[in-house]
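J.: With chain A held as given, fit chains B and C onto it using these hints.
Chains as they are written, first to last, in our numbering: chain A, 17 to 525; chain B, 1381 to 1733; chain C, 27 to 413.
To be clear, the hints were calculated from the coordinates, so they are not data collected in a lab. Treat the numbers as computed from the prediction; the structure is a model and nothing was measured. Where is the CB? At the ideal position from N, CA and C, for every residue including glycine. Some hints here could point you the wrong way.
[Unchecked claim] Far from chain A, by Cβ distances over 12 Å, these chain B residues were calculated:
hint, residue
1, 1400
2, 1403
3, 1487
4, 1501
5, 1547
6, 1588
7, 1590
8, 1596
9, 1601
10, 1611
11, 1613
12, 1625
13, 1641
14, 1701
15, 1716
[What the hints assert, rightly or not] SDA-like mimics (lysine to any residue), calculated; alpha carbons at most 25 Å apart, straight line:
hint, chain 1, residue 1, chain 2, residue 2
16, B, 1646, C, 70
17, C, 261, A, 387
18, B, 1646, C, 261
19, C, 261, A, 380
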Amino acid sequence: MTDIVLEARHITKAFPGVVANDDVSLSLHRGEILALLGENGAGKSTLMNVVYGLYRADQGEILIEGEPVQLSSPRDAIRLGIGMVHQHFQLVQPMTVTENILLGSEITLGRTPFLDFEAGRQRVRELSVRYGLSVNPDDVIEHIPVGVQQRVEILKALYRQARILILDEPTAVLTPQEIQDLFRVMRELARGGHSIIFITHKLREVLEVAHRIVAMRQGRVVGESLPESSTQATLAEMMVGRKVILQVPKGPAHADQVVLEVRDLSMSATRGGVALKDVSLEVHAGEILGVAGVQGNGQTELVEAITGLRHVQSGAISMNGSNVTAWSPRQRSSMGMAYIPEDRHRFGMVGSYSVAENLVLNTYHLEPYSRRGVRDDAAIRDHAEQLVQAFDIRTPTVDTAAGSLSGGNQQKLVVARELGREVSLLVASQPTRGVDVGSIEFIHRQIVAQRDRGIAVLLVSAELDEILTLSDRIAVLYEGEIIATVEASQATREQLGLLMAGVRAPLNA
Amino acid sequence: MAPVETTARRASAGVLRRRWITAGLTLLLLAIVILVDRTSLGDGPLGILFGIGVLRFTLRAAVPLIFGALSGILCERSGIINIGIEGMMLAGAFGAFAVKSHTGQLPLPLSLALSTLSACAMGSAMGYLHALLSIRFRMNQIISGTAIIVLATGLSTYLFDPDWLSRGKFSDIAIPVLARIPVIGEVLFTNGLLTYLALAMAIALHFLLFRSRWGLRTRAIGEHPRAADTMGVNVNRWRYINTTIGGAVAALGGAFLVLEAVGQFKESMTAGRGFISLAAMIFGNWSPLGALGASTLFGYTQALQNQLLLSGITRVPRFFISMLPYVTTIVVLASVVGRTRAPAAEGEVYETE
Amino acid sequence: MADPLDQRTRFSRWLVRLAHPLVSPALALVTAFAVGAVTMLLSGDNPLTAYWGLLQGAFGGLDALSRTLRTATPYILTGLSVAFAFKAGLFNIGASGQFLMGTAASVAVGVLVKGVPAFIHLPLALLAGFAGGALWGAIPGVLKVWRGAHEVITTIMLNYIASLFTSWLVYAGGTQGQQPGPLSDPAAAAQGISQTGTILPTAKLPELLPDVLTRVHWGLVIALVAVPVIWWILKRSTFGFEVRTVGENMSAARYAGMRVNWTIVLSMAIAGGLAGLAGTVECLGLHGRFAPEFTGSAGFEGITVALLGRTEPVGVLLSAVFMGGLYGGAAKMQFESGVRSEIIQVVQALVLVMVAAPELVRVVYRMRARRSEEDTAESKLATGWGG
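So that you can see chain A by itself, here it is in the shape it has in the complex (with noise of 0.2 Å):
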């Protein structure tokens, strides 16, 4: 008699020091592909995790087909016919496709603990064929690109008979083109009787995909609309809350001499990552350069290359015309080289110390911070104070711990630290990954804001509306490749998609 799939009720979840899901509502039809569009941090994953049982909600009930549900576990999701394929992909890294999927639900040699590897494989197989998901069932998940391993993320639900599909940002690692083959596949699964819940923050595919929206921030609903009668403005209001400018005023470029010059770089991989194949750019003063590419296509080993934190195997990396190659990164950064590196959390800050001496973090034994090898603390505040004036970090005082802070002030305090000192190069590896728009608005007016002094920029981003939105010129990496440059005028984001995907497309440019 109803067609309500899912149903939460007045969800409620509090974490220390936030309410993360402040009494929500929401309902899934069946058959139905509804966007959950919000920011960072408004609430999104934290209901996606209670309705498929990995967090417990304080208030509130679940109801699955019309019938009260309590989901204590995953267990008890999978059991219900939920299926999550979350935003890092819960892979086993050195596992088969086949024993990732089979994990949890083997299937066993008659009633013998082993595996039957061979029914499991014929299975993969068979759910590969019918929903047109193409793995090899005997691949390791390391060695398949991401997009293959969102597939297999995709038939663990399936294998397990999901028939309510959550599926948390899940375009944020595809090329334009993998995003289309995921929409055709998310299209044919709802017209097969599957509920899909997308989570996204990109406007654009909400309102390609979706049958209907809703709008979450700051842990409550906020909207509810329909793709017909939206448009992007409309809801980047919605999930916002106020006007939101898309477009980063930007003039156009004035390139000068050369800053940043890599020849012919090449290095091995290491484990899990990508060998770099003779790249070479150029990156001029008052441009910026950015470097497309799917994450894991060599973005990493090119940024710990350039700021000297690999070693190279040959090729030469020179600044301002010295020749760099055998530089620390301390050299580098004392010639004026700045860092904003893709993982804040890992190399940016360190959490438990102050806000001050996270701003000193590479310029700490430098005087006035340090006389003689003795810290000068009332040096290190001081500066601290003038940084947290000039750029709009929001924190009780600046003695208080880094990872206190949210993430978007602890993203602009690490552009703080390596804007607020004179620089000739900003290599900046995806800024803006996991803040608000409010802060992504900030950073992105600083990135051009240096651009126009005269600094020479690297971008590199795997947000595609990024590098469109920034760059005066777009390298795209393919597998360690720089397999083109286009000016940013002239390229489209069909074009780059293919490029990203390692099609080399005729250039006639």
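T.: Just chains B and C now, kept in the frame of chain A:
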């Protein structure tokens, strides 16, 4: 897709080549041993290096290391670092001895069986404690392991009574037919029960780890616990189970020392074997058969040390000869860099919220 | 015109804050002693007389106090050794080997260097002791950064090697025609005793207050000075900032341009030097010679001392005195109550468990978790074999 396939093929070619090398070396060694055993070559230094005596002692020295390394694999494959093997082994040795010396009036086989069970009970208690501290009470696992060692050392010394006496050990059982194979029969098929158990357990564990449902789940929770959890595998339950069993397995190493090798208990009699077995586990790349091989290598250094001391070489001070196993451990540990791979989630507390 | 009530609450709040870092360790100790008592009851001993004897032996009178301070002296230094390595994210269970190597180096100087005045000889012997431990400590540091060998296994192996090496140094020779070791005292060797000759008076650490405290020597002062020195290095110096950053987040340290490898090796060397100094003052101040009874067990107690002291130098000082009382009073306890002194090792293990698992104490006393307590020092320790 092309480069992906080549990587995979290259990897399997590497494995294949390593197998050929291992097989070749084994055959070569066998040829040398038979030659040394059957000819007059065995009278000189070659006899010390490759004689039957040193080989038999190698296996005896390897058995506690095998048990220790298997214990390490059980724990670490499921994500719990076990520095405390030394303590679990010691607890097992004490547990075995305490029961053995109080059951002297029972028939020897029964007394030995009870003593072995007691060792396992002590070991699993230590293993469970380690799991409890590291999972429930979120203690750093390296510290927890250290605490296990201090606790086992303290308890075994405090409770030990020097008046306790133990008579009788597991004696060698020659396996029919197989024991009559020259050299191999003497080394491999004329041993005590616990030695056979160690060899069998290494082989069985290898198959269970890579072919069974339990093994799949164990490897998954040691590598990516959240992935296992989202697929409905109860991560911490398996960690408790594996670590507790791991404690019992390590204790068998201690039981071997008391019930099959020495016959008595001495304070701190494990003498670093727990740590050497950790090195064997690492050298064997967290695979049971690899650990078996690595333990044999370390056992060989101990046997060699023993043979050298017995042979009465006087120019080199005996202290330096005694360093052999410890130095080898460091050298081996320093040489495997980049060639082994620890379970990725090792040492991390797994919490759902 | 402050409100008196307000002042009082402020005072009590201040008191709570002052006492707060002590609450958890204190409860941990109480629990450890309680469990120790149960152990004694189970094995038929009387815990009350045992603990009374222990208290007497540790703090009952000047003699007991002297013994406690004497025992605590090396613990302060080995505790600092383990704590310093912790700050760099390293687990130094090799303090006992470093202790032995430091001792051997200082004794060599104390016995073999002749005809120099005390003001040169004594500092030279101390320096040699520090250097011996530092070199031995640097080895696992180098193996870690150069070959990725985990320090837990290498330091343990180096403990055994150090023990064999120092045994050889003092070996009397004999069986199977083995030659005596280079530091063996010929007179003692003739009687089959393996030990060195007596350290020359010029290298001896004098007694501190001979009329008040029995055999408490200037080594205590050296240890007491080391506490603020280590504190200063960690908290005020640029190098200390590097050490702590490497320990907290190695990737961030590398990113910030710090010389991570060098910092690790140097931290291990300093940790080793402190442990070596512990053996040195023990030898120069107390025993006057090196004999095989020297086991370097103070190195292992250093782990408990460091963790009980929450890896802070001042905490290490307090917990070293506590542990000094525990081990110093053990003999008296056995004499008074007949309980075997080995129970102290059990108590020590329990202390280690209780202090290293704050969550355990919290559960036992139903305390609420505090965010600031989440980050215990040991949580920053490496959690894997690295590579």
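J.: Checking each numbered hint in turn, tell me which of them this model violates, lowest number first.
T.: 6, 7, 8, 9, 10, 11, 18
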